[in-house]
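Counting in the numbering used here, the sequence shown runs from 1 upward without gaps.
Everything hinted at is true.
Keeping only pairs whose Cα atoms sit at most 25 Å apart, straight-line, the calculated SDA-like set for lysine to any residue is:
no.: 1; residue 1: Lys59; residue 2: Asn38
no.: 2; residue 1: Lys99; residue 2: Thr62
no.: 3; residue 1: Lys68; residue 2: Arg132
no.: 4; residue 1: Lys68; residue 2: Asp119
no.: 5; residue 1: Lys42; residue 2: Thr55
no.: 6; residue 1: Lys5; residue 2: Val19
no.: 7; residue 1: Lys4; residue 2: Thr62
no.: 8; residue 1: Lys116; residue 2: Pro156
no.: 9; residue 1: Lys4; residue 2: Ser48
no.: 10; residue 1: Lys65; residue 2: Glu107
no.: 11; residue 1: Lys28; residue 2: Pro61
no.: 12; residue 1: Lys116; residue 2: Ala84
no.: 13; residue 1: Lys99; residue 2: Asp25
no.: 14; residue 1: Lys116; residue 2: Ser56
no.: 15; residue 1: Lys99; residue 2: Asp133
no.: 16; residue 1: Lys113; residue 2: Asn89
no.: 17; residue 1: Lys68; residue 2: Tyr144
no.: 18; residue 1: Lys42; residue 2: Gly32
no.: 19; residue 1: Lys68; residue 2: Leu138
no.: 20; residue 1: Lys113; residue 2: Pro88
no.: 21; residue 1: Lys113; residue 2: Glu81
no.: 22; residue 1: Lys116; residue 2: Val82
no.: 23; residue 1: Lys5; residue 2: Ile75
no.: 24; residue 1: Lys68; residue 2: Ile100
no.: 25; residue 1: Lys116; residue 2: Asn51
no.: 26; residue 1: Lys99; residue 2: Thr126
no.: 27; residue 1: Lys42; residue 2: Gln110
no.: 28; residue 1: Lys28; residue 2: Leu9
no.: 29; residue 1: Lys68; residue 2: Gly79
no.: 30; residue 1: Lys28; residue 2: Gly97
no.: 31; residue 1: Lys59; residue 2: Phe46
no.: 32; residue 1: Lys68; residue 2: Glu107
In case anyone wonders, no lab produced these hints; they're calculated from the structure.
Computed from a predicted model, the values in this text were never measured in an experiment.
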Amino acid sequence: MEMKKRINLELRNQAPEEVTELVLDNCKSSNGEIEGLNDSFKELEFLSMANVQLTSLAKLPTLSKLRKLELSDNIISGGLEVLAERCPNLTYLNLSGNKIKDLGTVEALQNLKNLKSLDLFNCEITNLEDYRDSIFDLLQQITYLDGFDQEDNEAPDSEDDDDEGDEDDNDEDEDEAGPPGEYEEEDDEDDGGSDLGEGEEEEEVGLSYLMKEEIQDEDDDDDYVEEGGDEEEEVCYICEEKAVFGNAVQRWASHCLYLGISPAFLEHGRSAGLAGRTWPLE
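Can you build the whole structure from these sequences, using the hints too?
Structure below.
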């Protein structure tokens, strides 16, 4: 299929100025020249023209937003200076499988200030002695050559730094938020804990009430020491029944033992912080 027809097919009723990606691989160029592509594609960010028998880039239109350009497996041997003139924001350029033979041809790419990744694989230039060192010295703005940096670290799948930044931000958000279901599990655990401890909570409420009443009673009787004095009728702090009490320390415990309050309940009060008092448990 001719390149011009392929472009019309790829548009799919879109206006050229709405297109951001265009793939024209394996179509046929006219006399090795680009055809059907013009300045109307001003929003184009990715363009692929692999294996279209290109010999020249002279008819490449001005594409100021173009960032990635695929030109692999063509017959290009020079004229690379047009790339800096018309596609100044390129970050990725694939010229693998072309007829590029010497460093002088590649030198024209020095003006692509944003270029980070260059692919010259399967070009004659790769046979030069110290090929990689020479290219990195010549094009100091690039990070990756043929998919690897100067320390032989492989390039990431995407050469788009912005995309990588977005992915990092998403990872951080996920770390802060925690893995899915974490909060649900915590809620379940809290619910389970509430069910298991319901009886204990009721018992603790009762003890706290008794302790509070006893403390208030002690505050009222700070200066009062009763040593077997006359018995008097008072209201029991636990059951609120009138009864005759003797020793003030025993007044709230002994009476309720006779009324059936569990000794285990009173013993639990000892472990809850009431140790030191007299506990008539028999």
